[in-house]
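J.: Take a look at the letters that make up each chain.
There are 2 protein chains.
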Amino acid sequence: MGELKKVLILGAGYGGIVTAVHLQKQLGLNEADVTLVNNNDYHYLTTQLHEPAAGTLHHDKTRVSIDSLIDSNKIRFVQGHVTAIRPDEQRVSLENREDELEYDYLVIGLGSAPATFGIKGLLEHSMGIRNIDSVRMIRQHIEYMFSRYRNEPEREDYLTVVVGGAGFTGIEFVGELADRIPQLCKEYDIPREKVRLVNIEAAPSALPGFDKELVDYAVSTLEKKGVEFLIGTPIKECHENGVIVGDGEEIKAATVIWTGGVTGNPLVEEAGFEVQRGRVPVDEYLRAPNYDNVFVIGDSSLMFNDEGRPYPPTAQMATQQGQHLARNLVALIRDGQLTPFKFETKGTVASLGKGEAIGIVGKRKLYGWTAAQMKKLIDLRYLFIIGGLPLVLRKGKFF
Amino acid sequence: MGELKKVLILGAGYGGIVTAVHLQKQLGLNEADVTLVNNNDYHYLTTQLHEPAAGTLHHDKTRVSIDSLIDSNKIRFVQGHVTAIRPDEQRVSLENREDELEYDYLVIGLGSAPATFGIKGLLEHSMGIRNIDSVRMIRQHIEYMFSRYRNEPEREDYLTVVVGGAGFTGIEFVGELADRIPQLCKEYDIPREKVRLVNIEAAPSALPGFDKELVDYAVSTLEKKGVEFLIGTPIKECHENGVIVGDGEEIKAATVIWTGGVTGNPLVEEAGFEVQRGRVPVDEYLRAPNYDNVFVIGDSSLMFNDEGRPYPPTAQMATQQGQHLARNLVALIRDGQLTPFKFETKGTVASLGKGEAIGIVGKRKLYGWTAAQMKKLIDLRYLFIIGGLPLVLRKGKFF
Ligand SMILES: Cc1cc2nc3c(=O)[nH]c(=O)nc-3n(C[C@H](O)[C@H](O)[C@H](O)COP(=O)(O)OP(=O)(O)OC[C@H]3O[C@@H](n4cnc5c(N)ncnc54)[C@H](O)[C@@H]3O)c2cc1C
Ligand SMILES: Cc1cc2nc3c(=O)[nH]c(=O)nc-3n(C[C@H](O)[C@H](O)[C@H](O)COP(=O)(O)OP(=O)(O)OC[C@H]3O[C@@H](n4cnc5c(N)ncnc54)[C@H](O)[C@@H]3O)c2cc1C
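Chains as they are written, first to last, in our numbering: chain A, 1 to 399; chain B, 1001 to 1399.
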């Protein structure tokens, strides 16, 4: 296998796993030497993590073992934590491993890191909906605080959850948590009116940039479920006992979840790639500036639309990039031609908790039950892309 | 109803609820003015609380609504927190209530408080298996620590649980928790060998005073389940990060559960009753010294056996006292004769987790499955005493 081209894929998230799955479909046996590296032995469905974070769905429903997706005859899976990328030497280091991985072609799909916009204390005192480990902790943190309340009834802050950011992640999370709160109240003998769920957003509107009619529908649906909104209100500081907002007001809260934004994985900047706000601006072939053999996809990459505005980082984008990149990698391996990538938006749907959602598909606005069905279809479609019908049947949420 | 005798029962624990249930069976309508006061609107099965504390049984299985036990035509139930007893004025105060409760006969069944033997930091940094609120918190605390571990893998103390005291409560709790740990490891992706469950006892043996053969059986059964014992090792200090034991060694642990002993409810000493180590030494009619109309039962009372040694506080004792006291109260109301109380031990059984127990019943030693069956029978028998067959069917654990 000495002369085979070495393809190294870092990260088995949306971008990485889709690249890998499509590569193994298109490549013959022994046509290339492909390695996939990921810190966990499973792929998780980031777009659904608001549910296990709120405790409305078990996290096992949102992860898939990589073994079950990867054909080990075509791709070698290495479980490991990437600590450094050295593009000039074409090498990658892993934690607790002496030897380094080499490559001819590198795919970086290492996802995102929280963007804190310099808010003091945010990283130390808030939690994020990032991965299986973090959402399990969020679920347990909230429940632990509820369990403590009746032992220290003066601590009403145990029953306050602040969610920073009313973008898609924040909105989807408060929708789920609002559904969960009545169950928590029952479990811990707590009157519902003692509980506060406060969603704070600095921009002048929830879901900034989204259709106003749909935003109004989302906000009023969530308010009916008991969510309080503080819109146009920046969080100034986060500390052990809560947050301080715009006008200096303190909101005491034992739980603060930050969903206010993401930047690229810091490893890409550390590797010396050119970045803009932590993300690598890639060309039409998804290549990093100055490195023709390095491809960056998903949340660590940056692309601009025809008006020159950056696309938001989404699973939709990462998935399309992965599909396209797999074709281009096959072309490179077979000395063929690269084709340019173009993002095609299929629409956007955001869940608002059980049976409720909003979205735009094509030019159509969707609300309520219809939108919620569409959301399920999107999730099922993704499972189909990476694991076919068997995975749809195993992990799909049909009801 | 002015001339009816006022009977006031404080606490709906083993002693109080059994007194109340037997009183209502024996008294006719309008024969006395009976009030039962309890801080919760439910009775809980203290002897089973090690299970919800470990998370092996839902706490709802260990509580019964007082409504379902009390006949409101015969007994008035008042939910409230007793803050002071004034035996000279024959009055009792409740939290957040202006008016006070008056009585002709008072029954004090307010249970126990933790005995800390002056160990520094114990009250602040440990939790106790005391009531529904505290065991729910223990369950969640342990689980929360497990959920945090993979987010901060250097914090191995998150996976260490120290149980102070290897008396009945401590032993029963570690037995349950040892059963639960494999589930927790699975839920949080943690290797079992990372978890430590350490039971620390100052006395030279676990289950001090109990039959040596049974103690050895218990210890080896629990060791096989992964429990570490530190026997003859006093806890010197408890702090935020764990405990310091006998020789100055520190055991880092994010969870410390103290089961090392109980004393009477501090309200009895505050009321001015004579106490010995916080408990009221009662006469053969269960009366407090100098107050012929005040009866103290259960963990706040103190009785001596024929050798002059104090009986340990048990549910068995509280239940028998309650049954006997109900008869004596009826006698008082009907101007009859008081009969002296005598404790009859029915034996002792301690659970060691699922399907395992030890015990002495009569002169017979019981082990393993047989003892575990006996434990279930004892629990069922108690449910029968307070709620008859319907309660047995509703809350009984048969398997
Ligand atoms: C709650 C929530 C809801 C969302 N909903 C939607 C939605 O409805 N639609 C939508 O389009 N987008 C949605 N998104 C955004 C979407 O999830 C992301 O844009 C998408 O996951 C990005 O894919 P990715 O491949 O770049 O990174 P990820 O999917 O985050 O994958 C990165 C992978 O890299 C691994 N990794 C990271 N660091 C290392 C390392 N050092 N070494 C080894 N492995 C590493 C991670 O374990 C992970 O497997 C949502 C996001 C959240 C948080
Ligand atoms: C885990 C565990 C296992 C045990 N196993 C056994 C066993 O197998 N066999 C056995 O015989 N014994 C056992 N015991 C001991 C037994 O549970 C106690 O001895 C028994 O509960 C004492 O009964 P009591 O009525 O005195 O108090 P409790 O049952 O504790 O009841 C006290 C009641 O008073 C209420 N109360 C307290 N303070 C106030 C207030 N200020 N105002 C209003 N209400 C108040 C409480 O809510 C409670 O309802 C065990 C104990 C534990 C913790």
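Quick caveat, the hints were computed from the structure, so don't treat them as lab data.
Fair warning: there could be bad hints in the mix.
Said to hold, decoys possible - Which residues of chain B face chain A? A partial, calculated answer using Cβ under 10 Å:
id, residue
1, HIS1059
2, LYS1061
3, MET1137
4, HIS1141
5, TYR1149
6, ARG1150
7, ASN1151
8, ASP1189
Glycine included, every Cβ here is placed at the ideal spot set by N, Cα and C.
J.: Give a verdict on every hint.
T.: Verification of the supplied hints:
Against a cut-off of 10 Å between C-beta atoms, the interface hint on B/HIS1059 holds, since the closest Cβ of chain A lies about 9 Å away. Because the closest C-beta pair between B/LYS1061 and chain A is about 13 Å apart, greater than 10 Å, the hint is violated. A least Cβ separation of about 4 Å between B/MET1137 and chain A falls short of the 10 Å threshold, and the interface hint therefore holds. The beta carbon of B/HIS1141 is positioned within 10 Å of a beta carbon in chain A (closest approach about 6 Å), and the interface hint is therefore held.
Given the 10 Å rule on beta carbons, the hint for B/TYR1149 holds: about 9 Å separates it from the nearest Cβ of chain A. The interface hint given for B/ARG1150 is met, as the beta carbon of that residue sits about 4 Å from the closest beta carbon of chain A, less than 10 Å. The beta carbon of B/ASN1151 is positioned within 10 Å of a beta carbon in chain A (closest approach about 5 Å), and the interface hint is therefore held. Hint on B/ASP1189 holds. Least Cβ distance to chain A is approximately 8 Å, under the 10 Å limit.
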